[in-house]
Structures are given as structure tokens and as C-alpha cells.
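Student: Based on the sequences and whatever the hints tell you, model everything.
Chains as they are written, first to last, in my numbering: chain A, 1 to 129; chain B, 1 to 219; chain C, 1 to 439.
Note that these hints are calculated values from the structure, not bench results.
Backbone N, C-alpha and C define an ideal beta-carbon position, used for all residues, glycine too.
Mixed in with the good hints, there may be bad ones.
[Claimed, not checked] Which stretches of chain B does chain C cover? Using the computed rule of at least three CB atoms under 8 Å from a CB of chain C, they are:
no. : segment
1   : 40-53
2   : 67-81
3   : 103-110
4   : 141-151
5   : 191-202
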Amino acid sequence: MKRILPLLMLAALVCTSAFLAVQTVMAQDTITKLAPAAFGKLTRPPAVFNHDKHNEKAKLEECVVCHHGGADGKQDKTASTEGTPCSDCHKVKPAGKATSLQRAYHKQCIACHRAKGKGPLACGQCHVR
Amino acid sequence: MNAAYEFVTGPLAWAAWGIFLLGSGWRLYSMRQLAMKKDASSWAFMDLGFSLRSIVNWLIPFNALGWRKNPVMTVTTFAFHICLIAVPVFLVAHVVLWTEFFGVSYATLPDNVADIMTLVVLAACLVFAGRRLGQKEVAYITTGKDWLALVIVTLPFLTGFLAYHQVFDYQVMIIAHIVAGEIMLAAIPFTRLSHMVFAAFTRAYMGSEFGGVRHARDW
Amino acid sequence: MGIQERLIEDVGLRRGVSQLTPEKIEKVVNAVLKGETGARLKTYAETCMRCGMCAEACHFAGSHPGDPSYTPAGKVHQTMSVLLDKKGRVDPDFVYGMAQLAYTECNLCRRCVHLCPIGIDTAYIMSTVRRICHKLGVTPQYMQDTAHSHASTFNQMWVKDDEWTDSLMWQEDEAREEFPGLRIPLDKEGADIYYSVIAPEPKFRTQLIYQAAAIMHMAGVDWTMPAQTGWDNSDMCMFSGDFEMMGRLKRQHFESAQKLKVKRIVMGECGHAFRSVYDVGNRWLGWRWHPVPVIHAVEFYWELIQEGKIKLAKKFPGPVTIQDPCNIVRGRGLQEKLREVTRFLVDGDIIEMHPNREHNYCCAAGGGVINCGPPFKNVRVDGNLVKAEQLKATGVKTVITPCHNCHGGLHDIIHHHKLGMELKFLSDIIYECMEKPEV
Chain A
1 MKRILPLLML AALVCTSAFL AVQTVMAQDT ITKLAPAAFG KLTRPPAVFN
51 HDKHNEKAKL EECVVCHHGG ADGKQDKTAS TEGTPCSDCH KVKPAGKATS
101 LQRAYHKQCI ACHRAKGKGP LACGQCHVR
Chain B
1 MNAAYEFVTG PLAWAAWGIF LLGSGWRLYS MRQLAMKKDA SSWAFMDLGF
51 SLRSIVNWLI PFNALGWRKN PVMTVTTFAF HICLIAVPVF LVAHVVLWTE
101 FFGVSYATLP DNVADIMTLV VLAACLVFAG RRLGQKEVAY ITTGKDWLAL
151 VIVTLPFLTG FLAYHQVFDY QVMIIAHIVA GEIMLAAIPF TRLSHMVFAA
201 FTRAYMGSEF GGVRHARDW
Chain C
1 MGIQERLIED VGLRRGVSQL TPEKIEKVVN AVLKGETGAR LKTYAETCMR
51 CGMCAEACHF AGSHPGDPSY TPAGKVHQTM SVLLDKKGRV DPDFVYGMAQ
101 LAYTECNLCR RCVHLCPIGI DTAYIMSTVR RICHKLGVTP QYMQDTAHSH
151 ASTFNQMWVK DDEWTDSLMW QEDEAREEFP GLRIPLDKEG ADIYYSVIAP
201 EPKFRTQLIY QAAAIMHMAG VDWTMPAQTG WDNSDMCMFS GDFEMMGRLK
251 RQHFESAQKL KVKRIVMGEC GHAFRSVYDV GNRWLGWRWH PVPVIHAVEF
301 YWELIQEGKI KLAKKFPGPV TIQDPCNIVR GRGLQEKLRE VTRFLVDGDI
351 IEMHPNREHN YCCAAGGGVI NCGPPFKNVR VDGNLVKAEQ LKATGVKTVI
401 TPCHNCHGGL HDIIHHHKLG MELKFLSDII YECMEKPEV
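Tutor: Pasting the structure below:
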């Protein structure tokens, strides 16, 4: 209980700073957290994600592995969309059966971690307090 | 750790749900068969209307004599059972898992509300434990089975709370939480927790007898 | 705390236990559990969460504050739970305590049903314990004597066939002085009403038969009483656990009514007999309902009043209080009719005991407890301080209760606590207040 107020304050702080960070600096090498402005107020702490370190560790060289393209609910693994924020395509509350932003993140990260047998799977491993 | 997490959220989860659902179904079915075979003179009086009358009257806090005479227990047990069911079912993190695994999604509780409700469950468990230790008429009849049921129910909420707040080692805690939840599910058909399966029917039977035969209230 | 620390010597229990061996106990317990119980006992035993809420229900528990061994769940804990846990492997000494507890410390009143969220019927569990005790031959001497009487004579009080008809003719003869032309019609075929009583009435409460005859006569009821066995509707075998004999008794009762082709059975002011005929015996015999409709005297008097057939010359001076008999209140929902009849008869207030109606406290005599006789009298008197306080709080001088057991139980409580109250059956009051012919 005692933790809730500080937690909330912390969350607000993180949200604001993340918001500012994403708005002002689009350079990838500064990304350490995933907190797109589209989510608004966050339920959980933003997912920890150090872009460059992650890719180095995961030996990822092709941007398209994550930054896929696609349309009408079909993923296109050949069209790279680097530079386009995820939230441009994946809406927080999408119309119809399109993948929501939250689900897109969860799917993107967890499915890969699960397939590779490496990387975090449980909530709190990414959403670190 | 990934392998352990995969195991408890995969095969073990299937096993727990399977034991819970099939076990409960089997217990209900076999109990029905037994009732028809050995309790025909009771079975004959089962009545849907009177069953519901009794169940509804007992679902209203402070309505039945039992609730009125035991106010602390009434507040505790209603708060406990509501939170016990609502938190796991409507928790954001759990719904995210349903979405992740099966693509289904539904309404959720705000995390801070769920957090408070979890504390309510834990507080209620403390009250129950306190009654078992300190209240003579409860202590006298308390057996190992009763403590077991209480521990089985307490652990998922305790570990869930700690995991949510990421106290101690998160990875260990989250796996402990999942295992504790699965133990609870699997234990429902085969421990005192089976009252989840049977209580509606024992109540319904009493309601039917009092309504249909004895023409008196049973609350 | 527990039954083993308050054992009372009883010839029947002692003799029964002396003939037991652990092997015999195990065999009998399991024969009953496997053969005669099923889903009810299983779910009750398994799902009782041991929450202790039922403690509030029981007059024994309320009269022994701080002693949890008198609570409903506490009583099950000392008896059936042990039998189930140990699969019947208990020793003869355990059986003594189990029998004493089941026969003398539970009235099977079912008040605990109102306190249990899950709806566990502790009375059923205690009845099953009694059933086992009966099969083990461990029954209180006095109660077993009445059960023997049932088995030998089809009545509870060793009343011989000629004594029964003699008593009726004697009462008829007496009553004809006051009510010229009054008859107690014996074996009248096709009568509207078949009136049955419990054997203590001809044995030592014959005035009740006199009064019933007077009421029937003045109300112009077409009634009869049977001259042959079947006239006794009481049933100690139901309470001793001798269900076979209970079944024979109930069959005899119904068949004697059927032979006379009567329209309805009206039972005198007795609670346990009503339970046996209305609720229990019919089921044992495999009848969902009764082959002949059955109503209790309270309902019968209520009907007569509705029809304007009971005319009063005066009203009984109140205030009065009402003791609700468990078996016709929790057993048949007659609480409001009982009050309507009382309001018709009494001039003055009905000062209620609290709680009342279907939440009433038992008299502590019912369920066969009073029939366990003098050795256990203090068990039920001390076990019902709750009732003594309830009675005292009303401040009235008259207690109306349409049940023999309630009379017996309250009589002892009133005397023990010097409450100075008198007990009345409804028929006492109707007889006292009704219009009588000028002779």
C-alpha cells in the first residue's frame, strides 16, 4: 500500500520523461524504454529496452526483423519500416481485428524470446519497477 | 529461468486447468450419481425455484440469520470471496496472458484496485487464521485439512503481490506465483476447496427441503 | 473439553458397549456408512469449512459458553468426523461417548441450518450417528424401552390393545356428563378426520383425549379414532436409529387410516410425531408424500376457526408467550397459524421470545433427548439456560406450546429456575374457553 503513491508518482514521472524523450529525440541510440506517447498514462512501468545493446546481444542486423511492414492485418516481413513509430500503424484501440499497440509489442518481444529461448518472458522482467 | 517459466506457463498450466475442470466435472458427476443411487429420498425433493430462493437469500450480506449472528465473519467472507474470484479473473496481467496465448481479451480491473483487493484477500486470510488460532469454537474443530486449504489459497495472492511489486527476486517470485496458482486450481476438486463445486448444491438441497417440504425459510 | 469428560452412567449404554469389540464396531460403522449414506454425508463431511458460525445456533453451546464441544460442528467433530477419519476403527469407550453425545446433547432441532452458509444439516449427521449406535446396540436404556414398546405393541408406552379402547371409552363416558351425546367414534369408516395421538396421552394425559373429543364434538366434526394398532403416531424408533421399526410404525399408522377410508389424518399436539409421519417415515417407506393427507392439530384448529366452528364463551386472559416447536415450525412452517390461533383464543398480548418462529430455540427435550430419561435430565436442563433466559425475559405467566416434548422440556426448565410459569396446549385453552352446553 505504502508503495502505491510513490509508484504512481514515479510512473507519472517516467511517463512524462518518456513522452518528452520520444517527442524530441528520435535517434535510436538513446532509446532505453518503450513508452510511446500513444499509450497516454501507463498501467505498468515502461518496458526496459536498450535498442542497441539488445540488437548487439541478439545479433540482430536486419531492421526488418522487428520493423516489419504490412497492411490489412497481414504482416510483411520483407518491407522494412524503420523510422516509422510502431504506433503509427498499431493503434492503442484499433478498429476491427487489427493488432493493438500493446499486443504488437508483447507479440513482437515475447514470441521472439520464446522462439529463441532467450530474453524476458514474464511481465516484470521488462516492466521493471 | 526461461525454461522454467515456459514449463509452468505451458504444460503445468494445462495440467492444472485440466485437473481443475475435469476433476470438478468428474466430482460433480460422480456425486450426482451417488446422490441418485443412495440419497433418492432427498434427491426427489430437489426443486429449482426453492434452490435459487435459498441461494439468493444467502448471497445477500446480513440477510440470513447466520450472517447476522456472525458480523465479522460476514464482512470478511464476502470481501474475501469477491476479491478471491475477481482479482485473478480480471487482473490486467492475467488478461494479457489470455490475449497472448489465446487472443481473447476482456474487461480488467485497474492495477491499484486489484492491488488493494489482493491485500483484502490476504487480510481475510489473516482473519481466518486468527479465528482458527484464537476463537475457541473454531480452534476446536480446525484440522490439518482446514489449514491446508487456507495455505493453498493464501500463497497465490501473497506471491502475486510480491511479484507485482517486484520484491525479492522477481523471476523466482513470478514462477512461485504461477505454481501456487496452479496448485490452488488443481486442489479445488480434491480438498476443502471443493466447497466451490459443491456448496451451491448443498445450499440448494436445504432450500428445496425447507421450501418444498417444510414450508419454512432456511436463512 | 469433550464428551469423554462428562460421561454419565446409563445401563443401556454400558451394557451395549460391554458387548462390543473393535472388529464389530468397524464392521457395523462401515456397513452403515457404505450401505445407507451417500452424497449428503460425503459433501457435508468434505465441505464443512470449520468456520464455527454454527456455534451461535445451538442452545447447548449457548448454555455452555466457552465450551466448543457443545457446538454443532464440535459435536460432529467428536463423532462422525472421527468415524470417517478412522474408517470405523474406534474402540468401545469411544462409542459410549459418541452415543451419549448423539442421543442426549443434540435435539436434531435443525436450528443450525439457519446459521450454516453451505446448508449443512447437522441433524442428519447426528441421526446417522444414532443409526450406527442403534446398530451397535448402544442406546440409552429409557429410550430403548420405548423403542421396545413400539416393537412389541406398536405404541410407545406399553399400552395394551384393550387398555387403549378402555381409555377412549372411559374418556367418552366422562365427557358425556359435560357434553351429552358426545362420542369418540371408533373405527368409523369414511370419516373426514382420523385423529391420532401419542401413547403418553392414553397413558397419563388422558385429559387431552377428553379435550380433543370435546372440541370435535362442539365443532361438529365427522371424526374417528382407530380401535386397533396404528393409533399411536409417536416414534422413538426414528430417534433411536431403529429405522426398520420406524418404517413399520408409520406403515401401520397410514394403513390403519387407509383401512378406515378416512379423508385426512389429524395429529394431536406433538412435534416429533409430526416429523415422523410428515417428513421422515414416509421417505423411509419410499413414499414421496403421504398416502393419506396429514395435518397437525395447529393447522386443524386454525381451519376450524376459519370456518367459524370454534365458538368461545370467553377469552383466555393474557399475556402469553409462545414456544415454537421445532418440528412444526422449522418442520412445517406453522408459526403464523400458531399465532393466529393464539390471537383468536387469548385476550391480551403475545409477548414473543427472541428469537422466535423458525429461528426459535429448541426446548432441549425434543429429538428423543427427554426420552433418554432421568440419568440425562440435567443434561437438557443445564443445556438450555438460553431458554430459561428467554422465558424469563417475557415476564408472562403462561406459555403456549402445541408439543408434548416442549411441555416436558419447558416444565423442567421452569421448575429448575423457579420461573413460576404454566404451560398450556392449545386444546387446553380451547376447551377452557369454548362454549359448552348447559347441562
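Student: Just pull the numbers of the violated hints for me, sorted ascending.
Tutor: 3
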